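Student: What follows is each chain in one-letter form.
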Amino acid sequence: MQKMGKQKNKTASFSFWNWVIASIIFRLILIYFPKNLNLASRPEVSTPLTSFRRLAEGYWLKQLSMSPYAGFSFCFFFFSLCPTFFNFFFILIRQKKEMYLIFLVFGYSGSMYHGSPLLLSLLGPLTVKRIEGQPNHLLYSLVSVIADVVSAILIRATGKNLRLAYLRSLESLDIVQQTKASGEFFKILSPGDAAALIYLWNPFTIVACVGLSTSPIENMAVILCLYGACSRLVPLAAFGWVIATHLSLYPAILIIPVIFLLGCGPDAPPRKLFLQKNNKEEVLSKSKLRLGFSWRPITHFAFWALLWSAYVLVLCGISLKQFGGLWEMFKSTYGFILTVEDLSPNIGVLWYFFAEVFDFFRNFFLIVFHVNILFMIMPLAIRLHHRPCFLAFVYIAIFSMLKSYPSVGDSALYLGLLGWFVNELADIQFSFFLFCGYVGVSLLSPVMHTLWIWRGTGNANFYFATAMVYACLQIILVVEGVSAMLNHDRKLRNLATSKPQDAKS
Amino acid sequence: MTLLQRPLLVLLLLVTHHLLQCWIAFGSVDEEGQKQEEFNEELLLKPLPDRKVLAHFHFQSSAPPSTSNGRHHHLFPKAISQLVQKFRVKEMELSFTQGRWNYERWGGFDPIASSNAKPPGVELWAVFDVPQHQVDASWKNLTHALSGLFCASINFLESTSTYSAPEWSFPPSSGNLRYGTLPREAVCTENLTPWLKLLPCRDKAGLAVLLDRPSIYRGFYHSQRLHLTSTGSGSKGTDSGIILNQALTVVLQPIQPNGLRASMDHASEKHIQPSWSLSSIFGKQVRGRCVLAKSSKVYLQLDRGLVAELKRIHKENEKSVANGLTSENFWSYPSFELSANPDRIVIEENSLHSKSSSILYNFQVEKYSESEPLDLGLTWKIPVVWLCQSAPLHSSRFLMGSGNERGAIAISLKSTQLREGFMGAFADNERCELRVDVFQVVPWYVKVYFHSLQVFIDQQPKAVSDVIEKIHVSPSKDKVSPGMMEMVLKLPCRVKSAALTIEFDKGFLHIDEYPPDANQGFDIPSAIISFPNFHASMFFLEDGSVNKSPLLSKFQEKSPVMSYTEVLLVPLTTPDFSMPYNVITITCTVFALYFGSLLNVLRRRIAEEERFLKDKATKKTGQLPLLLSKLSAKLRGRPWEPPHSPPSTSFFISSKLVFKVILVAGLAVGWQYYFS
Chain A
6 MQKMGKQKNK TASFSFWNWV IASIIFRLIL IYFPKNLNLA SRPEVSTPLT
56 SFRRLAEGYW LKQLSMSPYA GFSFCFFFFS LCPTFFNFFF ILIRQKKEMY
106 LIFLVFGYSG SMYHGSPLLL SLLGPLTVKR IEGQPNHLLY SLVSVIADVV
156 SAILIRATGK NLRLAYLRSL ESLDIVQQTK ASGEFFKILS PGDAAALIYL
206 WNPFTIVACV GLSTSPIENM AVILCLYGAC SRLVPLAAFG WVIATHLSLY
256 PAILIIPVIF LLGCGPDAPP RKLFLQKNNK EEVLSKSKLR LGFSWRPITH
306 FAFWALLWSA YVLVLCGISL KQFGGLWEMF KSTYGFILTV EDLSPNIGVL
356 WYFFAEVFDF FRNFFLIVFH VNILFMIMPL AIRLHHRPCF LAFVYIAIFS
406 MLKSYPSVGD SALYLGLLGW FVNELADIQF SFFLFCGYVG VSLLSPVMHT
456 LWIWRGTGNA NFYFATAMVY ACLQIILVVE GVSAMLNHDR KLRNLATSKP
506 QDAKS
Chain B
3 MTLLQRPLLV LLLLVTHHLL QCWIAFGSVD EEGQKQEEFN EELLLKPLPD
53 RKVLAHFHFQ SSAPPSTSNG RHHHLFPKAI SQLVQKFRVK EMELSFTQGR
103 WNYERWGGFD PIASSNAKPP GVELWAVFDV PQHQVDASWK NLTHALSGLF
153 CASINFLEST STYSAPEWSF PPSSGNLRYG TLPREAVCTE NLTPWLKLLP
203 CRDKAGLAVL LDRPSIYRGF YHSQRLHLTS TGSGSKGTDS GIILNQALTV
253 VLQPIQPNGL RASMDHASEK HIQPSWSLSS IFGKQVRGRC VLAKSSKVYL
303 QLDRGLVAEL KRIHKENEKS VANGLTSENF WSYPSFELSA NPDRIVIEEN
353 SLHSKSSSIL YNFQVEKYSE SEPLDLGLTW KIPVVWLCQS APLHSSRFLM
403 GSGNERGAIA ISLKSTQLRE GFMGAFADNE RCELRVDVFQ VVPWYVKVYF
453 HSLQVFIDQQ PKAVSDVIEK IHVSPSKDKV SPGMMEMVLK LPCRVKSAAL
503 TIEFDKGFLH IDEYPPDANQ GFDIPSAIIS FPNFHASMFF LEDGSVNKSP
553 LLSKFQEKSP VMSYTEVLLV PLTTPDFSMP YNVITITCTV FALYFGSLLN
603 VLRRRIAEEE RFLKDKATKK TGQLPLLLSK LSAKLRGRPW EPPHSPPSTS
653 FFISSKLVFK VILVAGLAVG WQYYFS
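One line per chain: the protein sequences are A and B, in this order.
Convert by adding 5 to the 1-based position in the first sequence; the result is the number in this note's numbering.
Convert by adding 2 to the 1-based position in the second sequence; the result is the number in this note's numbering.
A portion of the hints provided could be inaccurate.
Unchecked claim - Pulled a few chain B residues facing chain A out of the computed Cβ check, cut under 8 Å:
#1 Lys449
#2 Asp480
#3 Ile513
#4 Thr575
#5 Leu595
Derived from the structure by calculation, the hints contain no laboratory data.
Computed from a predicted structure; not experimentally measured.
In this text, a Cβ means the ideal position worked out from N, Cα and C, and glycines have one as well.
Could you put the whole structure together from the sequences, leaning on the hints where they help?
Tutor: Right under this line is the structure:
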């Protein structure tokens, strides 16, 4: 029996790596298409926050004063013109390394780039580097591909972790046999492999990767955080959380699942169930499962999070030292996210809402929509605190649905994470309808966009309608997912509590 | 005796009249010999190659430093002097233009083309004599004042998203410069009338009489300009001398009298330039000068190309006729005829372009009167074809791409054949380079990607760093400031064509930000292309009287050759303007769906759990009613009695309900009573 299992595992893992390699090859093929299939300029892929062109623009502005043709003549001119630039000039002379700072400020004062300065210095050079005879942005695409693969591997590792925890909890409840009998899918594919392959082969992920958006990197940060928390690598979790928050603000709310993960371990059936069982059978299985909430890793996490955020802020502060400083950065990154200044169409619903809403109500609705995300944090945390990974999944799904500039890259993340819960969510309602809905929307939305923007025959309302449908689909997915998870817990409890009765009868 | 007396009387009258005029014209005669307020009017007429006539009115009023006069002005418009004093304007130019100056045909090199040709709509720039941080406030106030003064929507230039502060590419480069344009402003008589009100004689006398509204606005190009410089020292505060130049440039098509057209034979009709006179193009004649004007002159200019052509024709004639005519004697050329004798002929002193020099015929308006009006006319006798001197590179700008998501702006520079001549002067350098300054402002909703700047020279893509010597960009800020790009290009002299392209994304606006006719599109203001190596100035032979003419001294100013490109019309996507309520309700419904259904799922209990909870609830027997009954007992001042039995509790609840209703009603009545 065990041998067979091992063999199965081997074949499964073998085929897993095959699929991973295949997905890499598929991405490379797409990258080698001319102009990246124009994906980089699609509104579904590149939002003002994740757009590659904006990153390149920011980098260009940053570089401008360093380049030989503009740098000194430009500065010298200022030097001769007005005394306020006198200081600048001396700074430039003194420390050549920070010469670009003048233009970094210009870059921030503009309305083009809204990402982090760290991303600018890490990915910026890749926007201009070219290899002869290769596609223009090959290096940058390779980074995206690597980020995707790393994310997939981390998802797989976390999924394995979750599976182990799940099995352990089932064992402790003595209901392994029943669940095995009921869950067929569980035997075929482990949730880690499923999640990783869903993430890698999701068309949304592929499109976001080939479309040169920065969302693969943001997703990687989020997954890094969850992986770190699942495998109790506190510094890693803190690092992922800080970076993810720094890049796109919304992952900040993932601190709650991370605390639960560190405090009481990965997903398990409700704790009450174990207590009931322990009471009934008078068997203390505390050695198997820690039931209490341990504060030590939390304090560790807080310490590391503070450390990392201080580090990130110091790095940002250094790169923006003389000019505007951190406040400028917060204003043009987080401020831009929270105030929904850019009204260019995307797959969310807020752009059209804020393009149409009366100016008088604008602030009110800004608050309402952002609070909508925050309001659901507590109820979900109370109800799902025993399943922190699932809680994280629900949070990610909610904020990628309600965020100000959503892209398919965000959807790719939560759809990938959905794979972790193949066993628990096996009897989710409307799954076929949801699948068809996703396919339909992702086909219709570009059509409507073309009709409206390029052909001029459509209307903004058509495109907005697809965005509404998409939002509704995501709502249904979240609601049904939560409902299925709660039902699953009920089922487990029924199994656990009814078993002795069954034995009696 | 009587015969002798009458001329004497007339003489006396004349002398007193002249004295009176002098007294009026020069204002109060100051014993200290200070400068007086002056007013000069001039008109320059110029035949254009494409059968049109250019009329350039130039009125100059100047006020001396006002310590002597206080706030009182004799000739100078008070509104302007107040403006200058209030907002500390050092230099300012406001232009209202309709139509586009045709740089190819009407020339791009002479002072009129490079400093008087303006972009369509309103252009305003001003330099302030205030500290840096007050400049924006001064600008805002100035725009409001000007919009009141000229009945135009200049106040739209108030918002920071419409004006910019060029650093060095705009000629009067200074830190306190602000520049703004309104490309779509319609210019009409309501703008002209207040402009004319600034003149001491308005349009009642002098050259301004010619400004007959129907004939001016029938023209192909019409630009009224107001340029003022205050030369006062800033330290003395209000003390400043102000020079106000008002110029109006019109390009008109002379109407051929029918009789004349019929008499001409058809073969030559096509080539012969139309003959015109002041009365035929303006419908009016000059009946004497404005008495307040110090000088009143009419010039007829033949530009360099025309003079060269005439010389050529003359030489041919000379050969054939062998007639000994001196080349200076232009006005008696058989090729054209002037209806009035010029008082003086001024020839341009031309060192650079030795080929030919332009000629000015000067007419003094003083000599003409009501009975003998000046009706200057030009009648061509032989067909002449010539070209106006154009700028070294002809610039044009256009949009690329389709759809409403993104596009590209292209500025193309094409060399003109006339360039070869100028290049001789600069060819002595080993690396002959042509410097071109580009100044471009784009509104914030056109989101320019500066990194996508591409340069093509002779259709070959070039590295940006090879061509652009200096660049200064300030990216746009959403709803706050426009994007601005200043560039210095160094092009090789032998360049045939050069092109700059830059990509942009089209922004999406809030529905309130769209103008009334949103589907028409949005305007990108003209770019300014200037050639700092070339100066559009004309030097005239030194003559005492020439220097006194404000128009000619204006021509002698060294200013770089400048040209404005076309205004671009960018169509932007529009949302559905009728949808706000629908969008708000539908979106809120979706949000409510999300919130409601998720909350519902979270708090839903299924059968077994519900039963469990019910059991719990029955066990507890309601803590809350117990507390309430205690409270109510205390309120009523009765000792509290625990409820005994179910029927009694139901009765109690009903009584409590009644009590509640009464309490609420009482509160409401009290509220009403108290607040009414």
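Student: Now tell me if each hint is right for this structure.
Tutor: Taking the hints in turn, this is what the structure says about them:
1. Interface restraint check: Lys449(B) against chain A, minimum CB-CB distance 7 Å, threshold 8 Å, status holds.
2. The interface hint given for Asp480(B) is met, as the beta carbon of that residue sits about 4 Å from the closest beta carbon of chain A, less than 8 Å.
3. With a least beta-carbon distance of about 6 Å to chain A, the hint placing Ile513(B) at the interface is held under the 8 Å criterion.
4. Because the smallest distance between the Cβ of Thr575(B) and any Cβ of chain A comes to about 6 Å, under 8 Å, the interface hint for this residue holds.
5. For Leu595(B), the shortest C-beta to C-beta distance to chain A is roughly 6 Å, which falls under 8 Å, so the interface hint holds.
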